[in-house]
Structure formats: C-alpha cells, structure tokens
Amino acid sequence: MKKRLIFVMFILFSLGKITAQNISGVVRDANSEPLPGVTVTLKGTGIGTITDLNGKFIINGQHVIGKILSFSFVGYQSVEKLIEKETAFTITLQEASKNLEEVVVVGYGTQKKKDLTTAVSTVKSGDIADRPLVSAAQALQGMAAGVQVTENSGKPGSGLSVRVRGTTSINANNEPLYIIDGIPTSDTRNLPVDDIESLQVLKDASSAAIYGSRAANGVVLITTKHGKAGTSKITLNSYYGFSSLPKKIDVLNSTQFISLMGDLGYDTSILSSTTNTDWQNEVYRTAPILNTQVSFSGGSEKTQYYVSLGMLDQSGIIDPTQFKRYSLKINLDQEMKKWLKIGTNFSWSKVNSNDVTDNAGVAKGGVVLGALTTPPTMSIYNSDGTFTSNPYQAGWSNPVAYMKAISKNAKSDKLLSNIYAELSLMKDLKFKTAISIENNNYLYTSFTDPYSTSDGVSKKGIGIAETKRDLTWLTENTLTYNFKINQKHKVGLMAGTTAQKYDYYETYQEKTGYSGNSITTLTAASTTVSNNSEPDQWSMVSFFGRATYDFASKYLATINVRQDGSSRFGPDSRWGTFPSISAGWRISDEKFMDGWKKFLDDMKIRVGYGIVGNQPSDFYAYYAKESSGGAYPFPEGAITAIQPTSSGNSKLKWESTNQINAGIDASFFNSRIVLSFDLYYKKTKDLIMSKNIPTQTGFSTQMVNVGNVSNKGLEININTRNLVKKFKWNTDFNFALNRNKVLNLDGQTLYTGEIYERGNASIIKEGEPIGSFYGYISEGVDPATGMIKYKTDADGNKIQTIIGCAQPKFTFGLNNSFSYKNFDLGILLQCVYGNDILNATRIETEGMENYKNQTTAVLRRWKKAGDVTDIPAAIAGNTDNSQISTRFIEDGSFLRLKSVSLAYNLKNNFLQKCQISSIKLYVTAQNLATFTKYKGYDPELSFGGSSSDASTANAALGIDYGTYPQPRTIIFGMNIDF
Amino acid sequence: MKQPYFIKSLLRAKIMQSEHNLTKAISKIGVGILMVIATVSCSNFLTTDTESFTAKETFTNDKAWPSAALASLYKTFHTEYYQFDMFVNGDVSSDVCYAGGDNTSNFEIDDFSISTTNSNVKRDWTYLYNAIMICNSVLEGADECKVEGFTDSDRSILKGEAKFIRAVHYFNLVRLWGGVPIVLLSDPNQTATLARSSETEVYSQIVSDLTDAISALPATQSETGRATKGAAQGMLAKVYASMPTIDYTKVLEYCNAVLANTSYELVSDYAELFDGNHENTTESLFEIQFDAATAGAWGPEMFLPYSLSGDSWKKFNTPSKTLINTYDDEGDNVRKNASVIFEDCTGYYSDDVWGTTIPFAYKFKSANGWNSSNNIIYLRLADIILLKAEALNETGDLSGAKTLLNKIRSRVGLADKNPTNQSDMRTAIEKERFLELAFEGHRWFDLKRTGRAITVMSSCETRKAASSAYGSSITQNDLLWPIPATEIQLNPNLTQNSGY
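Residue numbers (the working numbering), protein chains in the order written: chain A, 1 to 978; chain B, 1001 to 1500.
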C-alpha cells in the first residue's frame, strides 16, 4: 500500500503541476472495492484523468470551485459532483442497472431505454469482445431475441442471412437495413467489429417506421466508437488463431469404391486399387487467422476523436479461400461555437478475397462435393504433372485441380462517410443537416489456366474481369424541438426530409484463348466471349416526422410518420405512407404498485402498431423491358437484336407490413433480474413477387403484388446478475419463436430451390410457411427390387407433397459470463430447434447412379432380392431412387457452443511504469462443439442465401448441396490499453 | 445555465436593430430548408435513367426498331434448342446416335424413360415459347411501327419472316409434344392460362403462318440467311408430310414449288456442305448463321473429339453401330467421311458400345473453343428432293420417285437403286434419308411421321452395349414427350400426355 502511494506520488510529482487546487480522491464500487480505469473529467475544461489501480485520481486545475466533476465507467452509472469547498472526494459508483438509464439510438435521435415504447434489442461492444467476428451482422448471432443470423457458408467473409422476426417477403429483400452512424448501407463486412460501440435492432414497426419503406425487415443501428472528453487512450487488440474442419464425412475407400463401380456395371479394370486418396484431407486444411487493430481515442470538452487502423487476414479451410481486410476509421466531433457542432464519421476499408466454387456438383467445379465424390482410386497428379480427372469422365477434374487451376479474386474498397452540422437555433430547437456518401469499388478477376481443367483446356484458358462501382449520396435535414410543460409533460417533435440517389456501373469482360499461363491479363487472350456494361440507378425522397409525449415518465406515447417516394415504382404508384403509433405505461410508478416496490424496480407495459414498406430489389421492376439479345451475324453485316426480356407491370406498388407489438419490460431486485417480453403479429400485404408464370407466355416470371404472409411470435430476454461479489456471474438469455405462414398467394403455388436434375425442392404455398420442402414420401427400399418405394395415391401415381420445413420452431441464445479476480470467462450457447434440412449433398453421395464416390452409408446398399436395408440398389443412370424425398430430409436442430472465451486481465505497477494501463490476454474458441443429429458437415447453411436470385435467397432455405462447411476457430489474443 | 443559441447570438449582434432583421434571419433559414425540400421533391429526381434497356411501350417508334426486331427473330435460332437440343431430339431419340456425354436428361431421352422433370424437356419448352413470344412481339410491333423509312413493303416482309419463324418453332413443339397451347400474343396476361389445342389445330396454325409467309416473302432477301419464299415452301412441304394424316398432294405441291426455283441446286460435292468453307450454298433453303467474330456457335464443341476441340470429356451424340454399319454396307464413304470421324480415346474414356476407338458426329468441323463459325443448315434441297420422291411413291409414281432417289445417290457416287414396288421404294427412301440427313436432327421425326418409329427403334441397339436392343421398352407413349411438370404446376389447364 505504501509502495503504491509512493508510486502515485511519483506520478503526481512527475506531472509537476501540483498546486493548491489539486482535486483528488478515490472511486469505489458498491462493495467498496477500488475501481480502476474510471474516467474523471472536470466539466467544461477538457481536463481529465483515469483512476489508477487503487481507484485513486488527481486532477489539477485552475478555479475549480463551482465546476462539476464527472465520473464515468462502462457498466456503471455516471456520477456528477459539484465542487464546493472540498478537494478530496470519495465516490461510489453504482453498477448501471442494465435497462434503465441506458441511452439507446433510435431513428434520427436517441431515447432513454426506460422511455422506449417499442421493441428494440441492444448488443454492446463488451458483449461481443474477444471473438473472431468479421462483421456486425455476425456479432448479432445468438445475441438478440428475434434476430436469426445464418451464415450462408463457412467461407471467410461469407454473406449472412439475417431475419428479424421472420421472413416477410418472397421476392423483395428480407435483410434488415443497416445504419452505421446514420448512414444506411446493406453490407457490414467492411466495418471491423472492434470499431463498434453498440448495435440496436429496431424490431417492431413502431420503432422502425421512421425508416419507412426500407424498414420492413427491421433496422440495425450501428454506433461506432467515439472519443470521450478528458481522456486519451491507445488500444491495441490483436489475435492469432486457426480454423479447421470440425467433422469429416466418411466416404468409400478404394476397395469399396471399386466394388460399387462393379455393381454399377462399369469396367473396373481402369481403376487403381493401390491408390487410396483421402480427398477431404487434400481439400481441407488448418487455416490461420490474424487480426490486429489499434485505436487512438480521446479529446477535450470541445473536441473528441476516435481513430483506428485495422487488419484482418482470415484464411479459409479450403485453399485458397481468404478474406483480408484493411480498415481505417476516423470519428471527429467538434463544438465550433456554442450553437454549432460539426463532425464526421469517416470509414474506409479495403477487402481482398479469394474464392472457390461451392454449392455445385463436381461437373460444375464444386470443390466441396468434389472432395466427397472424387474416386479415392485417383491420385492428385498424373505422372506428367497434370491434374487427374475421373477415369470414367475426364471432364470431372479432381477438386485440387479446381482449387489450384482456377483463381477467383475480388478486391473491393468502400468509403462510408458523413459530415454533419448541428445548430442550436433556439432553446430546445435544433437543426441537424448531414451529407453522407457510400462509395464501393469492386474488381473481380478470374483466371482458369489452359492446362489443368477440361474447361480450361478446351477454351485455352479463361480470363474474367468484372468491375462494379457505385456511389450513393444522401442528404438529411432534421429539426427537433423538445420542451417541457410544467416539468411533467415532456414533448418531443422532430421533422425531417431526406433525398438519396444511387448510381451504379458495371463492366464484365470474359476472354479465352491464352497461349500459356504466364500472362493472365485479358490482353493476353485472343477471343472475346463477353464484353458488357450495365449502368443502374435508383433514387428516393422522404419526408418524416415524430412526436413523443411523456407524462412524468409514467405515460409515454410516440407517433411516427414517413412518406417515401421511390424511383423503383411507376409514376402512379411511387409514393408510400408509413405511419406508426406506440404507447407505454410505467405501471410500477402507480400507487397501487407500491406494495411491489420491495422487489420491483421498474415495470413498463408497451404496445405499438405500425406499417412499414418494402420495395422491389430490381430497380426497374415495373418496366416491360426490351434488351439486347446479342448480334445476328448476317454475312452482309451483323445486326444487334433487341427483344422483350421482361413482362413488366406498371401497377406494381409498395409491399407493406402491418405489425402490432405488445411487450413488458421489468426490472427486479435492484436490477439483478431484468426481463423483457414481447408478443408480435405482422402481416405483409401486396407481396412484391417475381412470380413464376407458365413459360408458354414466353416469359418465366412476372413482377406482381400478390398475397399475404404472416409472422407471429414471442421473444423473451432475461438478464440476471446471479453473483455480484468477488465472483461475478451474469446470464443473458434470449429466446424467440416465430411462426411464418403464407396466408394468400392468389391461389398460386410457387416453386424454387432447383436441385440439378431433380426439380424444385422448395414450395411456397398458401397455408404453409416459407421454406417448406416439396418432394416424394419415401417408404424405404423394396426388398424385392432394391428400389425406393414412394407413397402413391389411389391411381398409383407418386405423391409429391410437403415433406418438411426449414423454419425452426424456436431459437435461443444463452450467454454466461463469469469473472473472478483477474479472470473472465464467457460462454455463448446458440440453439436452433425444430427445423428440417434437405441434405441434397446426399443425393450426390448416396445416389449411386454414376462414377462418383459415395459415403459409407452405401455399404448398406441393397444387393439381392430379400435384402432389407435403407439404402437402395446401385443402378447406373437411375435417378428415381434419389429424387427429392423424405429420404434426404433430416432434423436440422442444433445446440452449438458458439463461443467460449477465457480472458486474464493484467493491471499492475510494472505495467503502469511502462505506460500500460492494462493488458488482457484471452483465448477464444468459436464453434467449439455442435450437438446435432444432422449427418452433413454442419447444420448452419443456406444454399439459397448466396443466390443472387431473390426468391431463391428468400425461400430456398435449409438446402445443403455441397455447402462450404463452418469451421471451428481457436484464437489467442491480447488487448493492451495505454 | 443559459446557453447562447445561434439565434440569440444573432440577436445580440444586432441588438439595437429592428425586429425586422430577426424575422429576415429566421426566414432565410426557413427558405434554405424549403429550398432543399423543393429541390429534392422534384419528380424528375424520381425518374431514373434506363440505359441498359428500353421500355417496350416506346420502343416500336424508335428508329432502331425495324432492324433490332428483325435480328431478334433470327436470334431465336441461336438458343440451345437449335445449337444442340434439336440434334439430341432428332438423332439421339433415333438410331442415328447414342446420347454420349454424361447428362442424365440426355440418357433419359435416349432410353425412352423421360421423366416429367427432365431438364431438356423443360428448357426446350421454354426456349421455343420464348422464341414464339418474340415473333408475336415483332408481329404486333410491325403494325404499330410508324418509323420513317419503314415502308409497307418492309412491314409485309418482316411479318412474313415472323410468321415463317413462328411456324418453325410451332412445328418443333407439335412434333415433340403433340397438341400444345397456341400462343399468338406477346402479353403474358392474356396467354398464361391457355390450354392445349389439338395437334390438328396446331398444324392448322402452322399452315396458316407458312401460307402467309409464302405470299409475303420474296425469293431472295437483301441479307443472306433471311427467310425466303423457297424456305417457307420447303417448310410447308415438310409440315404437310408430318401431319397426323399426311396430305401427299400438298407435299408434292410445295416440293414442286421449291424445285421450280432453278436457283436451288444440289451442291456437286456432298462434303462441301459440311466443310465449314462453303456456306449458304445453292442447296440451302434456310441456314442459321454463325460467325466467331460477332456471334459464334458453342454447339460444335459438344460433338467434336479431343483432337478438334481440346476437350477430354465424353462428347455427346455418339454415332450408333447401326448408322456406321449402314454406311459400310452401302459402301457410302463420301457421306460417312463427311458425317463421322473416329478417334482413339484411350486414357480419356471408353464407350460401352465402341470401347476406346469411338466415332464422333462430324457435320460441324470447327469447335474453336466454344465459338465456332460453322452455320447450321436447317433445311436443304436434298431433303425436299427425297420428300418429293416419297410423295411420288405414295401417290403411285414409282419411276418418278426412283429418278429423284438416284439423283441423291449419284451425287455421292453410289449406284442407282431399282426398287420394284411401292413398299421397297419406301424402305429405300427411308434408308437414303437416314444416311443423307444423319446428324441434322431429322431422323426421329421421319420415323415418327411415317409410323415407323416403334418398329425401327425396338430392334435398334441401345447405348449400353452393342448386343442389347430397345425391344418392348419403346411404346406408343414414348412418341410424345411429357409436358414439363413445372408447367402443369403453373398452368393447371395443361393436361399431361398419356404414360407420364
């Protein structure tokens, strides 16, 4: 103790500014434990410091009497203290009761969480720290009730399907709108998670309606870190680790494969029984991941800054997949004048990624299916060094050839930035104006060498160069007026307007005919296959307003209205109006609840109703288009054809979702238990659909507004602080169930999710949920014939019907965090229950119809009459046994140890001498264990999710067709604060 | 604590000035905000450019329309149907060749075990109806187009071409599926629920279109490859020969009409027709144009062996034992060498019938990395001559038939044949068509229209081994394809063909 005091004194002296007006003190928590790291500032001066290991602080300043000292620390309620005479303070900080005083960002403003009348989920930086997360959307996984995040594949930087309270749309977008520091965007992969301060998900219509037409799928508001007055902090966060394939699928070895080929009637003399290649070993690898982020933040009363530099380099478990990101973030806020504040949120990032083909059969270069279906009798290379291919079908190269001979590289950079100015016009009246820019540049290059794959050889090499560039600008102007009447009536008014325009240009060039593989640019190729360009634009104008009323924090009401005009609709149906209303009643403040005060801190009932909109993902959906059909080469001169390419619908209008939400927020036992419960019902009307129409019309699809979809469900969030003394244990539990149903499709039934040579696997039908599977009912193998028996109707026709559903019955996330002394342990469990998966990979690996290797399941195949088994006979060219049927439907439920993280926090004198305020060392395992009955690699997948076709992405859920599996990742990290 | 707000500081600065100034300041800000709103609310702002397409409603009065529409008609022959599938449908189904390749859909077609989800069946239905929609759109546009320089004569010819091409597509539909919906409008809202018409009704529509085309089309066109009167007459002869009840008088009438045009002549050297260097010859009635520089064909890549394509994968449409044996029995080396090439495929793959020395379909000579300049001869004079021979034989003119048969044989250096009765002559003509038109997509439809398909195919060997034959696996039901399952799902008014 004495030593420490000397040390403090040493620091004080070293500052060399001790005067009579030094203010000093100690900050403790409720248990009288000293609190290090508390930010202490002298308001209005820009002077500040941080408490040391013993919770002590010293500030020196002039004329401190009458000024206010402010104490703030993450997870604790801030305290302000007026300096009267004394200059030594003992301050006790109470842990922030999670729900109450927290400020949450809502559309175009902020609100105290306790005054919310809507359904909002919050995830804070602390909840997602120490994990190898690439994007904000990924950080939401398992963390927020009613927000279902599915990684489409295990590829590094893979896209995600995020569904807030279910699927509302069949052809329009179902992803939520992301707003990063006020700037709308559709992809969060460019923003490092380390830069994120908090995420708020606006789930119900009354919270989201202020974003009107783009809010049908919820809104995710992302706030990045900003500097804090009176501090200056350098943070270095770095981790390194490995990803690997958690599970292999057993396939036939050479002997077993040769026997199968014999059964199929193929000539097995050409197979090498001495070679036994494990293609999964050749395809999958242990891949490194490295992330480093350094940030500088701080500021004075008038200026705050946050600057960060980051680098993430994640290799995938299939070579050469990789996601490499460099990022730069600058947030500045400056009070120029007493009435004028300006600032900027600037971020720039660059991503370099390498891809391989998945979700495809071996004939189309799919590497994952290649790893499973390539004969073990082949080695990787021929004796001349070229890649081997299937001995029966030379067009099917081995998967290593597809990995090595085809390069697919994407480079993109993104600028997301705004500048704002906030004017205080009069007391309580503020005008804010902001200009935002999102600029994306994307360059994709691919080269298939002219030697290794069949496609490459015949075309003498294939080169592709694709560029995409877009620029979105947005201006926003809002006026807010907040005032009180008689101290009890609080009124907030806000009105605003925005205008936004998106401008896109794409070029695509493909050439063939290379003389070798030393020069891979298109210049070195001889034949042009494709040389196209495409410009696209959209624009939007919006007017919106909000009124909030609050009577003594007891009766709360909010009204929102937004009107949007969009270029994506014809002139007659361009404008949509989206109102919402919500109200809250703080029942705990009522007299009759006084008896409950002993254990009930706060309780609020809230109810809301609103309408939000959705627009088509095709920017020109309503047009009957005539587009270029290419040239017809009359010998006298080629003429370019222009022909009808879409059927058009000038009456196309806004899709709208009406939602009603009712909820309770409650806090018990001094915030030891915080609970919120929500019930909702949403009905989406006038679905914008690219409806499949009979192709006898000459068109395959038509854009229409048809039908209704409903989602109803409940969400429970419980946060408990189980132990709060030296040993701390907190539990966050979130549970959601959602029931989706297609109410009306105008009598139509839609099909999507086409499996090669097997037809459509997904059906969208009235009375059924989106994501239903469609197929035959397998009644097992006929012992007499070895053929699968399918259920038939009275006439003997095979029945094709609904055979499963990809929507889960419920999902939950359970996050437990423990801390004892210097140790922190976090365990996140994620559960998805009651969903089916169509394991279409097994169509390829248990089909036994051609020269593909199969899984060991086929060792049980029917061989002679009388055999009773679940696997049919091997018959060359027969697809009847491997039709889409209940044979391939599996239970997709899983319970996943999503993240386990152990951290050790180091704070001591030695470090302080080294100018280091703290060091945290941690080890985290992501996807450590998954408990599931699913037979494939991993139950988290979405074949359709990565599709560019909207209805496939929305409705072809839960199909596994050679999807790149989710890796298990273990990282070792270090976080240093200076 | 009082904060000096913006307006107050203004006030302070102008403390002694009149209130008027404050109002001015406030109104300035107000005007500023209003200007922002006014600028953006302009409705022009919500009308975006459409650079990568043009709106159908305005396009017919664009100067570009007549030529763009013309090209769109012919471009319908560049689809997969005409580049590849028509050879599968016409030849793999028959005894000309086996499926080859690795495609289950093609195997199903070869084996007469077509499922309702067969992807070729589905895509061919889609390609042909899309092509028909484009024809319908051009026919509608031709009446609306008032562009300067687009004369009534231009209009009439363009409509003639549209009708000719629509008839060709319907002819393929009706031969594959039997009766199909007759779609004559481009607006999907009016055609989505149409039910199937009878086979006879579809043929009537085809005859009507071709009859209109014959009267509208000139004997020659300004661009080579455009439909001519002769092409329409030749098509109509084939159509009459394919109806459920063949009208041989009409077949004869339209064959004669073609042959009356003396500019049509057989090319003296059969091999020249398919060498890639002699295109749009005097023998060609209708030819699909390709050119590597502007629009090449990918189809030939599907057929040509490793030495000519660079592909080591198994090629499609492998010539049958029957075909090769028939060439050899006839001593027909000219046509065999022009139509088939053998190659040793040891190390790449083997064929169940042929082993490792495998014949390949060879009527296209250049693959050029999926970008061939080889044209596709869709209709040629030799076909019409043999059709006329058939019509003469069926109407009792045996000697007239013989003259024409031997005209075709003598071109390829084969001795005259002398069948002495109608039945022998039928067989001779059938065999001549088999050898003359192999790999041109005709054989299956010839066997079907003459009622010979089941007889011929049941004794033909399958792709699986030379010794196995189709036998009873081909039935009457196999003569028509199933309506694609997805189409019946989408349009319940469609009925399925029997047996599916």
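No lab work stands behind these hints: they were computed from the structure. Being a predicted model, the structure only gives us computed values, none of them experimental. Among the clues, some could well be false.
Simulated DEER-style distance windows between Cβ atoms [said to hold, decoys possible]: (1) A:D384 - B:P1218: 33 to 43 Å; (2) A:E766 - B:S1052: 48 to 58 Å; (3) B:S1198 - A:G516: 27 to 37 Å; (4) B:S1052 - A:N517: 29 to 39 Å; (5) A:D795 - B:T1047: 19 to 29 Å; (6) A:I270 - B:G1396: 37 to 47 Å; (7) B:S1215 - A:N517: 54 to 64 Å; (8) B:N1044 - A:N439: 18 to 28 Å; (9) A:T785 - B:S1215: 57 to 67 Å.
Cβ atoms here follow ideal geometry from the backbone N, Cα and C, with glycine treated the same way.
Against which earlier hints does the structure fall short, listed by number upward?
-> 1, 2, 3, 5 and 6
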